[in-house]
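Construct the complete structure from the given sequences, taking the supplied hints into account.
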Amino acid sequence: MAVTAQGLNNIALIVKVSAFDNANITRQDKTMITVALIDDHLIVRSGFAQLLGLEPDLQVVAEFGSGREALAGLPGRGVQVCICDISMPDISGLELLSQLPKGMATIMLSVHDSPALVEQALNAGARGFLSKRCSPDELIAAVHTVATGGCYLTPDIAIKLASGRQDPLTKRERQVAEKLAQGIDGGERDCRRTGLVAENSTRPSRQSDGKTGRQ
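To convert, note that position 94 of the sequence shown is 94 in UniProt numbering; the numbers rise steadily by one, no gaps.
For the record, the hints were derived by calculation from the structure and aren't laboratory data.
By construction, the Cβ of each residue, glycine as well, lies at the ideal position given by its N, Cα and C atoms.
Be aware that one or more of the hints could be misleading.
[As the list claims (entries may be wrong)] 20 Å max Cα-Cα, derived EDC-like pairs, lysine to aspartate or glutamate:
(1) Lys132 <-> Glu63
(2) Lys102 <-> Asp113
(3) Lys160 <-> Asp113
(4) Lys132 <-> Asp156
(5) Lys160 <-> Glu119
[As the list claims (entries may be wrong)] Across the chosen pairs, the derived CB separations fall in these ranges:
(6) His112 <-> Gly76: 27 to 35 Å
(7) Gln50 <-> Ser163: 30 to 38 Å
(8) Pro101 <-> Asn123: 13 to 21 Å
(9) Ser163 <-> Gly76: 38 to 46 Å
(10) Thr31 <-> Asp90: 30 to 38 Å
(11) Gly125 <-> Arg77: 15 to 23 Å
(12) Leu117 <-> Ile43: 32 to 40 Å
(13) Arg68 <-> Asp156: 31 to 39 Å
(14) Ser46 <-> Pro89: 14 to 22 Å
Shown next as structure tokens:
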């Protein structure tokens, strides 16, 4: 299953291009964001829970070791963002997506980040995709982004996905994609002009949150 060019244009590929860029943005909405973790590896859930717990506006309210546990325990928990592993022994994360409570933003998690797998996740309704090799800042940025209505892909995944589009990137779009990956000023603005990235905003990094007054 492939994401069409129009579909990609409508997806807000919110990429955290660098800590420097995000240092210039201050998060205004400090409402608590509730998060659920679904992964069959305890060490992954524990690590993510500890990282997210360092953020004053993020709260992990539920952890599940399987898809069936999540289906039984998620309803009524008031979870806003779900981080879900794609590969689980009972129900795959992709299959689970369609059965999760409505209104919950889901970020898919995997050790693999091939364009085909990312496309599958986005087509199934995921609002973001993270590699298990992601940095702490990328994890936190992803949660903040999907919680406020955006979609999140890291720069490397975004470029892989864009390179696999059915209609090849124009020279201008490829230049913009390279800007995003390098963290060059103006990259996201230019992406909005070309349609490669839909308009939205990146989230601040954990280290720099609140250090500047730029809106």
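Hints, one by one, checked against the model:
no. : hint                          : verdict
1   : Lys132 <-> Glu63              : 17 Å, holds
2   : Lys102 <-> Asp113             : 26 Å, violated
3   : Lys160 <-> Asp113             : 9 Å, holds
4   : Lys132 <-> Asp156             : 13 Å, holds
5   : Lys160 <-> Glu119             : 11 Å, holds
6   : His112 <-> Gly76: 27 to 35 Å  : 33 Å, holds
7   : Gln50 <-> Ser163: 30 to 38 Å  : 34 Å, holds
8   : Pro101 <-> Asn123: 13 to 21 Å : 20 Å, holds
9   : Ser163 <-> Gly76: 38 to 46 Å  : 42 Å, holds
10  : Thr31 <-> Asp90: 30 to 38 Å   : 33 Å, holds
11  : Gly125 <-> Arg77: 15 to 23 Å  : 19 Å, holds
12  : Leu117 <-> Ile43: 32 to 40 Å  : 22 Å, violated
13  : Arg68 <-> Asp156: 31 to 39 Å  : 33 Å, holds
14  : Ser46 <-> Pro89: 14 to 22 Å   : 19 Å, holds
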